[in-house]
Every structure is written in structure tokens, then in C-alpha cells.
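Undergrad: Sequence:
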Amino acid sequence: MVESFPKTKIIEGIAIPDFWDAEIFRSALNYKAQSDDIFLVVYPKSGTTWMQVILYTLMNDGKAFDNSMAEYFACTPFLELVGGRGMKNMHRPCVIKTHLPF
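Just so you know, we're using the UniProt record's numbering here: the sequence shown kicks off at 1 and counts up by one.
For the record, the hints were derived by calculation from the structure and aren't laboratory data. For clarity, every value in this text was computed on a predicted model and none was experimentally measured. A hint or two may mislead.
[What the hints assert, rightly or not] Within a straight-line C-alpha distance of at most 25 Å, the following computed SDA-like cross-link-like pairs (lysine to any residue) qualify:
hint, residue 1, residue 2
1, K32, G83
2, K32, P6
3, K88, V41
4, K32, D61
5, K32, K63
6, K7, Y72
7, K9, G86
8, K9, D37
9, K63, P93
10, K9, E23
11, K45, A22
12, K9, S27
13, K7, D21
14, K45, A64
15, K9, F102
16, K7, L100
17, K45, G86
18, K7, S27
19, K32, N67
20, K45, P6
21, K45, I14
22, K63, F73
23, K7, P93
[What the hints assert, rightly or not] Computed Cβ-Cβ distance ranges for the label pairs, DEER-style:
hint, residue 1, residue 2, range
24, I24, K45, 14 to 24 Å
25, A22, K88, 12 to 22 Å
26, R26, C75, 41 to 51 Å
27, G13, D66, 36 to 46 Å
28, D18, D61, 39 to 49 Å
29, I10, N60, 33 to 43 Å
30, N89, V41, 16 to 26 Å
31, P44, E23, 37 to 47 Å
Ideal Cβ positions, reconstructed from N, Cα and C, are used throughout, including at glycine.
Just need the whole structure built from these sequences, with the hints factored in.
TA: Below you can see the structure in the form of C-alpha cells.
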């Protein structure tokens, strides 16, 4: 029996899914954090969404998020997918989620 593994590529020594844009990923690696950035850094598949909800609740005096999940995810960008350039127009303070090895 042949097992299949997700296709990956190596960028700057880090394995990423083959379908991710290499230039956007490089832009993420070069992102210069702003003084009001809040990073949510977790290991892949270890509860990123759950941690996102907890962080949102803490930052909003215990108020649960009451809008659509799509809107919620849009306000907490995944650095590897939007890159450093994609962070320029984000609302401040900005919560940035990532799996990058900082």
C-alpha cells in the first residue's frame, strides 16, 4: 500500500504546502512587527481557532464574537497567507496568527 503525503516545498529552510505562494511566504518571513501587533503563535493543528476565540474574548472584556466566522477570520490574518505586505492595511492593534518558528 502506497501512502500519500501532502505535497510541500522548502522556502528558506521551512516546509510549506505546495499551493502556498512562495513570494507571499517570503514576505511573511521578512515582516517587521509593529509596536501594537499581537501575535498568536501556535503549532499547526494544535487549536489555532480555539486560541483565536480565547484571545478575542480576552481583548473584548469577555464579550463573545457575534458576527460571522468569515468576518472574524478576516480580522485576524494568517501571516503566512497574506504576507508582510498584506498586513499594511489591517486595523490596529492587529492580532496576527502564525505557525512560523519565531
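Undergrad: Regarding the pair K7 and S27, is the alpha-carbon distance no greater than 25 Å?
TA: Between K7 and S27 the Cα gap is close to 21 Å, so the pair holds against 25 Å.
Undergrad: Does L100 sit within 25 Å of K7, going by the straight-line distance between their CA atoms?
TA: 18 Å, holds
Undergrad: Should the hint that N89 and V41 are 16 to 26 Å apart at their CB atoms be regarded as holding?
TA: This hint holds: roughly 22 Å between Cβ atoms.
Undergrad: Taking only the CA atoms, is the gap from K7 to P93 under or equal to 25 Å?
TA: Violated: K7 and P93 sit about 35 Å apart, past 25 Å.
Undergrad: Between P44 and E23, does the C-beta distance stay in 37 to 47 Å?
TA: Cβ of P44 to Cβ of E23: about 21 Å, so the range 37 to 47 Å is violated.
Undergrad: Against the 25 Å threshold, does the CA-CA distance of K9 and G86 hold or violate the hint?
TA: 22 Å, holds
Undergrad: Run the distance test for K9 versus D37: straight-line Cα separation, threshold 25 Å.
TA: Violated. K9 to D37 sits at ~29 Å, over the 25 Å cutoff.
Undergrad: Holds or violated: are the alpha carbons of K32 and D61 at most 25 Å from each other?
TA: Violated. K32 to D61 sits at ~28 Å, over the 25 Å cutoff.
Undergrad: Between R26 and C75, does the beta-carbon spacing fit 41 to 51 Å?
TA: 24 Å, violated
Undergrad: Just to be careful, I want the Cα atoms of K9 and F102 compared with a cutoff of 25 Å; is the pair within it?
TA: 20 Å, holds
Undergrad: Do the alpha carbons of K63 and F73 lie within 25 Å of each other, as the hint requires?
TA: 17 Å, holds
Undergrad: Given the hint that K45 pairs with A22, does the C-alpha gap stay at or below 25 Å?
TA: 21 Å, holds
Hints 2, 4, 5, 6, 8, 19, 23, 26 and 31, counting from the list given before, are not met by this structure.
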